[in-house]
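Kindly generate the complete structure, drawing on both the sequences and the hints.
Okay, here's what each chain looks like letter by letter:
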Amino acid sequence: MQTIQHPELQETLYYEKMPNGLDVYVLPKEGFQKTYATFSTRYGSIDNHFRVTGEEDHQVPDGVAHFLEHKMFEEPTGDIFATFATQGASANAFTSFDRTVYLFSATEQIEANIETLVNFVQNPYFTDENVEKEKGIIGQEIKMYQDNPDWRVYFGVIEAMYGVHPVHIDIAGTVESIGTITKETLYTCYNTFYHPSNMLLFVVGGVDAEKVMSLIRENQAKKNYGEQGEIHRLFADEPSEVYQQRKTSQLPVSLPKCLFGLKEKKVLELGEEQLRRDLVTKLMLDIMLGSSTPLYQKLYDDDLISDGFGFEFNTGKNYAFSIIGGDTRDPDQLIERIRTAVEEMKQTGFDQAHFERARKKKVGNYLRMLNSPESIANEFTNYKFRESDLFAVLPVYESITLDEVNARLRDHFDWEQLAISIVESPVQA
Amino acid sequence: MTSFEQGRVHQMRIHVLPTKRFKTFAISLYIGVPLEESSVTKVALTPFVMRRGTESYPETLQFREHLDDMYGAGFGFDVFKRGDYQIVQFRMDVINDAFVASEESLLQQSFAFLGEVLTKPALKDSAYRNRYIDAEKETLRKRLEAIVNDKIRYAAERCIEEMCKNEPYRLHPLGERKDIEGISSEGLLEHYEHWLQSASMDLYVVGDTSLDEVQKLVEQHFQLQRSEETTYHMTPSARVSRDVQTIVEKLDVGQGKLNMGLRTSITYKDDQYAAALMYNGILGGYPHSKLFVNVREKESLAYYASSRFDGHKGICTIQSGIEIENYEKAVDIIKKQLDSMQAGNISDLELSQTKAMISNHVRELGDSAFEMIGYDFNRQLSGKSRTAAELLEQVERVTIEDIKRAAQTFQLDTIYYLRDRKGE
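Protein chains in written order, with the working numbering: chain A, 1 to 429; chain B, 1001 to 1424.
Treat the hints as calculated values from the structure; they're not laboratory data. Be aware that one or more of the hints could be misleading.
[Said to hold, decoys possible] With beta-carbon atoms standing in for the labels, derived distance ranges:
hint, chain 1, residue 1, chain 2, residue 2, range
1, B, 1161, A, 333, 29 to 37 Å
2, A, 245, B, 1339, 52 to 60 Å
3, A, 245, B, 1328, 42 to 50 Å
4, A, 221, B, 1252, 50 to 58 Å
[To be verified] Below, in silico cross-link-like pairs of lysine-lysine (BS3-like), each with a Cα-Cα straight-line distance of 30 Å or less:
hint, chain 1, residue 1, chain 2, residue 2
5, B, 1165, B, 1336
6, B, 1329, A, 183
7, B, 1422, A, 247
8, B, 1124, B, 1216
9, A, 211, A, 384
10, B, 1250, A, 143
Please read all numbers here as calculations on a predicted model, not as lab measurements. Think of the CB as a built atom: it goes at the ideal place given N, C-alpha and C, for glycine as much as any other residue.
See below:
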């Protein structure tokens, strides 16, 4: 077991790689009642075309990773939620573009709950019947999102930016695509992506690190995992230009919803360089558009944005993009105004005072995040899967320079890369 | 969970929990008044205007830059209802100085800031008042109009509105759109002064500080002149003697939203409260509950099917999203679960699982500063003191017979269904 000290954060992290390849991290939090654990696989909605060294290619239907997540909760003995409930744990799971996470939080029977978490995820049970039954449930989940204008406008902009890369495919798939999923599809994906060497267990809370490690050591030693070849995720070439400049959908909304995105032309490999670009871009967007900036205030005063206005920078394997926007009475005017302001900023660059203030805010937000076991576990895994380290963020923030942010501003805001998504009310006949 | 130390300054109740467990100070100020049609919109608008600026930082930009300078101090507000009260909550969340190189204490700066927000808002300054009020009226109007965008929330609000149409509880905490236009600058200012005088105020702090330090900071930074302390008096849900009402509404939706509202005479201050929590937990609080198991897992009718209990009002609500044509089937299955609760058809396993889940939830509260604050605030609202440890013990003692008895008090009142426009 390795001990990783972070005295400046008053945190100590423990790490061990199990013989079968599973990464286990434990972060004891003194005085905390709760233990929160996540068991995650590097497998999400974008991993729909893959090959394991020495095996054949697989192209699977849209929505499999998410479907698999649902079905994992079923065991031969029944629903695993019931077992967690008996042990007083609140369990859940989610699927994103590039990972699937199973989790629980509990204040008692911690060891039993950790074992339950690891065992149920390592024990798939798919039958023709239980796969069919799930299609009705996920069908309703898909329909729920279809009625949600925030989701529609968000996915709309990704669909507009990307034509080939599977990041543009809805995480849950479609009613049609999930219709073609069989238990064989699920086993193929499970056997590829749920090998321990592709997974990470994170435990945070009022626990003893050595106890948790020895529990996992024993648990894993009882299971027979063969060596697994390397997983090759296959991505067809995504053109650098956007797929579609504008995408509009109709849903009843009180004001049009408008998000626009800028698709990065240059895709970086996962790792330190990507982490740095991420942090620099997020800082840059905050100096430009954060709620304490002159541009934000001007747009608010002119009734072009409201409190829900926001922005993000999202990056992963073979994709990177920003998304900006919110509810607005006039999408085109909003975009035009931001565009004009950005062009001016590109000329002048940001000033040192705004830069320092935004950096201070980021540092504060980062420290605040460390109060939450949920955030620590999820963010740590997220960073690890991108081959970087959550606890290395503070020194990166400290080393970012104003010049770097200004250069990023000029590089990122290339309007050739703009895609727009709008959700507006249908015109009533 | 250790308990809050209590004091009082300017007729404001002060609650402080000294702890070194967090990297921040959490500050929460609750300002509550009875929910009334005549004032609901003005009360809702007030914090929107207050967050625009203060005497020292009259421009919103300065106000927000100042927060960023305090290492991105979190500042926010919320307006919600608890029983028949409308509560404005201001929150601050600021880094403990031990982690950053700050020149002046961040706790001190936070109180200086919050004190100004409360007692010296730019709302008092005629040079800013009109501009901010006009803009925030527009923001409030947009917020109210946007409720329809999220169909899950919209259906939940509409169900309560129909169910409580003759009680203050029907009112949305953000008020009513029709009132906004008629609010004048002078009217809002006058209302603000009155609100500051008459509302119940509870100030909470969790972090590495003491009651003494907080009381001094409040005396120093809160320029309040309040003549008396105001307390909360909750009125439980009114019993309505009529048949179950069914409301169907049509909108452009692909999925039907089915909501139901039940009334109970049990509220937070009652001895039966733990049994009512257990009732809700077994019915629909968790993935092992009757609604999830029967509506989702057995029949594949829905992705979500759950229930929620508002212990201050004595209302339990059920919500689910279903295929439009499955309405009758879903209503039928849900009603069967309600009947089965009243008949006491509850297994020992359901009992023990639900106890474990509720206990876990209560114990987890101790890990979040704002959750601890929220829990303790229940005591102010209800007048009933029940520590987390006491609640745990009460839940542990609940029997199936107790839940069956509690179930008799839960009566279905309203079925609300949001569906598509087909057949119009």
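Which earlier hints turn out false for this structure, listed by number in ascending order?
Hint check: nothing fails, all pass.
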